[in-house]
Every structure is written in structure tokens, then in C-alpha cells.
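Colleague: The listed protein sequences derive, respectively, from chains A and B. Numbered according to the working numbering, the first sequence spans residues 1 to 225. Numbered according to the working numbering, the second sequence spans residues 1001 to 1314.
None of these hints come from the bench; they were simulated from the model. We put the beta carbon where it would ideally sit given N, CA and C, even for glycine. No incorrect hints appear here.
No more than 20 Å apart at the CA atoms, straight line, and that leaves these computed lysine to aspartate or glutamate pairs for EDC-like:
#1 A:Lys61 to B:Asp1023
#2 B:Lys1233 to A:Asp16
#3 B:Lys1151 to A:Glu176
#4 B:Lys1233 to A:Asp19
Where chain A lies over chain B, by a calculated footprint (3+ residues, C-beta under 8 Å):
#5 1028 to 1035
#6 1232 to 1241
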Amino acid sequence: MIKNISNLGDAALYCDFGDEVNKEINSDVIKYFNTIKENNIKGVNNLTPSYNKLIISYDLKVTNFREIKQEIEKLSQSEDTKTIGKNLEIPVCCDKSFSLDMERLEKKLDLKREQILENFFNKEFFCYMTGFIAGMPFLGDLEEQMRAQRLETPRVKVPKGSVGMTEQFANIYTFESPGGWNIIGNTPLEVFDSSKEKNPNLINPGDTVKFKQITLEEYKNYNEQ
Amino acid sequence: MSNNYFKVIRAGINTTFQDKGRDNLYHIGVPFSGAMDNRNYLLANKLVGNELDLPVIEFAYQGPLLKFYGDKVNIVITGDVVFKIRQNDKEIDGNCYETYELKNKDEINILSTNKSVYGYLAISGSFDLKLQWGSCSINTKANIGSNDGKKLEKDQEIKIYKVNENTNKKKINYLNSKIENIRIMKGTNFDYFSEEGKKVFLEKEYIVSKLSDRMGMRLEGPKIENIVNTNIKSEGLLKGVIQVPADGNPIIMLSDHGTIGGYPKIAVVASVDYDRLVQISPGSKIKFKEIELSDAETLFKLYEMETQNLLSQI
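Bound conformation, chain A alone (with noise of 0.2 Å):
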């Protein structure tokens, strides 16, 4: 439920559906802002669904706040907002080469490599947003003992695929990029591809995803099969 609607800007909705970050919270902010998409209101130019907001960008040559929160609220009131997601799989592969960040986690966590491994690739993650950078997955919730906080001085670059964890979350770098997150592997797939004019990304919000763990001659041939 939309706890609050406010303003923010004069071009924009934000809607909030509470503090907590929690798969409730997150999937009754994706449930709107499926159902806004497929109701296209006039003049909405963007949504951006986090884990508990969502704001609603709207075009104020042609709408504004008043016009755009009384559509909200109508939808609101109705029921019909059906619920998502999809299953995936994600190949990691955890070689020394890739796993820039595992002495550091061991330390952190004060686990062993194996154990932080299996805690990882046990879990089923949840998609609650995607975004920072095109198509970056921010999935959730690592027990505990796996939440380690992000690099005290980001680096500069992080490649391409790099596997990410700060504290509750797992992500994926779909494009180098400066970054602070735990790198614990590397994925061979492609999470987003810029050339798809439809769907560049693999993983959406509401999505499940589960890694698995793949050699380093299995990620050398991923891309050749």
C-alpha cells in the first residue's frame, strides 16, 4: 500500500510505501508500477520503483501533480494489480582472478572462502530494483553473517560482470564502472544488452535469481557455445 503520495519537484510523484526494506514492501511498489506502465497516463514519462518508492515522472507541458496523484489514487482503490517475476540462473565463476574482494569478506565476515561461497550459492535472491548504471541488478537479502559493508575507497574501474555484495544485497556490474561493492566473481552472461531495443535487461524487479557455480574453462567457453 502507497503510505503517502507527495511532491517531488514540481515534475514528479513520490510514492511511499514505508521505511522497511522487505520482499512485501518491494513487490507492492513493482505491483503499481507495472500496473502505471500498462495504464500509460498521459504525460508519465518515467518510473523508477526502489525498494520502498516510487516515483512517477510526468511531462508538465502536458500534466501535473494534481492530475497525475488523482490517477494514482484510482488505481489504487482497485485490486487489479497482478503479480510478477520470473526465475533465473546466473553463472558465476569465483576464480582468484575474478574474486577481487574474497581476502577481504574472509576477514570481514571472518568466514572461510568455501563458506562464504556456499552461503552464496545457496540462496535464492530476490530482484527488488535495477538501475545506477543501465541494467544493475540490486538483489536481496543475504543472512546476516554475509553483510559485509562496501570498500572504505571505491575503485575507480570494476570490470564487466563483476559480482558484487554489500550489506544485505548482491548485484552485478552490467558495464565497467567505478564501484565500492564486495567483488566475489565474475558472470560470462550478458545481464544487459544495449543493442535490444526491447528488454535489454535479463533481470527485472520481482525476479528471482539464483547463482551458480561455474569453472574457469566453463566461462572461457560460455560465449563460444
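Given the coordinates of chain A, assemble chain B onto it according to the supplied hints.
Modeller: Below, chain B without anything else, positioned relative to chain A:
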């Protein structure tokens, strides 16, 4: 495809193709992008007789030096720009908002944006560009858009797809008004800041930092004290949102911004002031002035009417 093209003799500092930008991709992490100063973008296309949403060349600070090869083409520069045109070994000073006809081997040398940041070059016709998600706009940080998502480089060719025939010389008198007071509305985390912090933000002057680009404008000045939390759970951003990270210096999100951020939002710039905000050059002072949503809506309507009025005079 026409046989006309430009050769880039000097690329300039940050020269890109831009158009109206791309909608409906925030949720996958792709920002709006598009021409920073929308009014000058529209005026450029209108002056050369184009549809208003065609791609133009945007440059910042120092623009490109381009040599034209082909038959002829009309061009215009908008913004507050110093430039020269070389025709038959004669160099003339160019005027913004006035079209010029370039013939084979003529050159246009865009020297600088005068106490501003962005300027626009439009041709009468269209460049040969690949669109990505409906827009040519280049986002150099994510390598999205035409020209492989990269800024223009020395020695490359800019192919012209089509040159419009029978275009008349056109000219308007327009002066870009400059502003120091940026009108804002309170952001969703305004109360994360102490009374003193709010006062500082609304009353003191800030200096635009050299670290500003199409992603964001960094400001330097008195620190804004946060009394709640210097981080929020990551959530969506918009152009014009003013975030204050732990160091207390505000950052204003601009057109190529990251789509998600975790710093408290102290305020949002009113849409009416966006075109003029982006033109404020590093080292300049700015001050914020709080207005209500209803005022912001009215002011934007008036600004939009003024833009339409300018366009209708061309």
C-alpha cells in the same frame, strides 16, 4: 544519403549529439539525457527550418572546429557563443540565432561559450545517426546513443543524411538571461537537516565547482549539517534533485544522472529554472530560493509560453 559531411578538425571539450532525450527507461537505469538547455535546442532546430525534435550538436565551453565538404548547407548556432566562419579565405565573426550558408570547404570554428556552458549547432536537414531507444542522445558515461555513445573526436567525419533545399536565411534577436537565484522546492528529506543547515542552504551563496558535467553540478560553500542520517535507502533520482552527501556539499543532478541514489534529497530545482541553471559556469555564484509547488507550476507555464512565442516568431 547525401554526399555532404563535416570533418572534425578540432573536437572541442565535450561535443555530443543530443535531441529531446529518452523516456521511460529510468527503471532499467538509463537516464533521460537529451539537450541540456531545451529552449536553445528548440530554437536551433526552428531557425534552420527543421522539425523541433531533430538531433543537434551540443558543445560545452570550447566547441568544435568543423570543415564542410559537399554542396551547401544552412547552419545556426544558439546559446551565448563566440564563433567564426571561414569562407574563401575570409574569416567573419558569427552571430548566434542567425543562419549561415556553408559551401564546400567552408569552416565553422566554435571558440567558446561566453560566460555560459552549452551551445548548439543545428544544420538544415539531418545528420546520419543511429538512434538508441528512440533517441540519438549520447551519454558518454554509459556509452549510450549515437556515435557509439562517445563524444566527437578529432578527424572523424559527421555524415549528413539529408540537406533541406530552399531554406531562407533566418535571424532573431534573443538574449539569454542569466540567473543567480535558483528557485527550488523542498525535497523529501528536507527535515534531515538541522535548522541551521536549512538556513545555510536557503540563505548562503554557493560556488559552482569545476567538477560539474552533464551528470551533475557540484557546489562548494558552507556545509549543510545533517542531523538524521547521511544515507537513505537507495531510491530514484530526477534531474534537478539536490542531494547532500556526508561531506555537506550539495550536488544537483543533471540530465545524464545516475538513476538511483542514496543521499538525502534536500530540494528539487523548479523546472522553470533548469535551462538557465545548466548554463551557469564553474566559478559562478548561485543562491537558492524556496517556492511552492503551485508557483513552480505557474512559472513553468509562463516560461513555456515564452518559448512557444519565440518559436512562433521564427
